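One line per chain: the protein sequences are Y and H, in this order. When the first sequence is numbered by my numbering, its final residue is 231 and no position is left out of the sequence of numbers. When the second sequence is numbered by my numbering, its final residue is 1256 and no position is left out of the sequence of numbers.
Since the hints were derived computationally from the structure, they do not count as laboratory data. Since we're looking at a predicted model, the values are computed, not measured. Do not take every clue at face value.
[Said to hold, decoys possible] Which stretches of chain H does chain Y cover? Using the computed rule of at least three CB atoms under 8 Å from a CB of chain Y, they are:
hint	stretch
1	1161-1172
2	1238-1250
[As the list claims (entries may be wrong)] Derived pair list, reagent style BS3-like, types lysine-lysine, alpha-carbon separation capped at 27 Å:
hint	chain 1	residue 1	chain 2	residue 2
3	H	K1126	Y	K59
4	Y	K165	H	K1159
5	H	K1194	H	K1017
6	H	K1015	H	K1239
7	Y	K211	H	K1126
8	H	K1112	Y	K53
9	H	K1017	Y	K198
10	Y	K204	H	K1015
11	H	K1126	H	K1159
12	Y	K204	H	K1246
13	Y	K215	H	K1229
14	H	K1015	Y	K198
15	H	K1171	Y	K199
16	H	K1159	Y	K158
17	Y	K198	H	K1205
The beta-carbon is built from N, C-alpha and C at its ideal position, and this holds for glycine as well.
Given next are the chains, with one letter for each unit.
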Amino acid sequence: MYIKRSDGRGFDELRKIEAKVGVVKSANGSAMFRIGDTIAIAAVRGPRDLYPKFMQNPKSGILRCNYNMMSFSVDERIRPGPSRRSREISLVTENALLPAVDLEEFPNAVVDVFVEIVQADAGTRCAGICAASLALADAGIPMRDMVCAISAGKVGGKILVDLDKFEEDYEGGSTDMPVAFLPRRNEISLLQLDGGMKKDEIIKALELAKKSCEKILEVQRKALMEKYQHG
Amino acid sequence: MDNISKEYLIKLLEKGKRIDGRKFDEIRNIDISYDVSKHAEGSARVKFGDTEVIVGVKLEVGEPFPDKLDEGTIIVGAEMLPLSSPDFESGPPSIDSIELSRVVDRAIRESKAIDLKKLCIVEGEKVWIVLIDIYTINNCGNLQDASSLAALAALKQAKIPEYDGKNVSYKNKNEKLPLVSLPIECSITKIKDKLLTDPSLEEEKMMDARLTVGITESGEICAMQKGGKGVLTIEDVSKMIDISLKNSEKIRKLLK
């Protein structure tokens, strides 16, 4: 049984979070989101013209996400360029953000969201989504809600949130369940699971994730206020 | 899909009916046939109604991953053939085929369905690589569950070829592939507030969101993937898991 977390956190406790908006000056919107030792930056470019033209939607703008890990962001170097993993994460990131944005005002246009993982210590897709949501808000894209994401799961028999790399690789068994919430609407826009959990454990982990997302929302809100109150 | 058929489908759903007459939690007829390609180490054809996929398993000798020197490896690929749907085109793997294969892979890997330690030949040097290739033959919806079941069926009867340290003798296969768990994937789509098991193509095209749940014999959930552009609530997830738990048992019984 996993009795004490490796870094001494409570089982419902998140790692230290930092968020900053406006980190890529030339972009329409951008943000950095750091949780523990995982650092993501996101930039939004657009709404801008979409080419090739056949991809255009005359009824609404489209959202296009690209998730990438920098080659040096982990111990074993990652070959630069898209991988099957990064393409799948780009897809689920897009699906996680889409319910929150309203692009009807921008027919035929594209809103590009670029997510880069600078440093990885588990939970990179969730950190990326948190950064992307901030960047979309910073870019002034019409939004129904923010998007907050966190990984919940089970490590050594314990239900907990925000797994770090040690916990993700825990030898006594680890289940990782990344979740994204639209916190005010109480809707789930990302849900994946790797490992093994019973149904009641999943529901418990989802409730924990929901509470954690409220904390993340608070950090996101502060980061946005900071830029727009003083900047 | 045009708006008229969408409206018609939704009207039907509101009356509690599906376009093909099934109940909301009813899966289509499933048909499994084995040994559909004799040079494969294991192969199977699975039909969910008119949806059809073929999966073949090949084994090769290769190097282990540096972090798991005493374990064989699994690679899952999916080809969404243009032959199987007007929506599929030839060329490099589409994002849908990547998701399809990665979610099939997830249930097999995370449930530890294959005893990978038994696939080690020389620790740190040589291991068996299990290559699972999915080919879609006809897409009438829910390629995910059909592919997952076909992969499992192919693995279930796969045999390891003889290896003398230099050459693999594909003509002589005796030992069974060590398959120790049977994770079943069940996909449910949400349209408006309705949850539909084993979605047809029409239902998939108009779905708000989808959840695929991978379930082991012990009722443990070993894999999940939310698909689609829409959202789910915790209550939805809870109901979807319940339906999947029930259906996964039915489906597992079909594997001989």
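Task: Numbered hints the structure breaks, given as an ascending list - done: Failing hints, ascending: 1, 3, 4, 7, 8, 9, 10, 14, 15, 16, 17.
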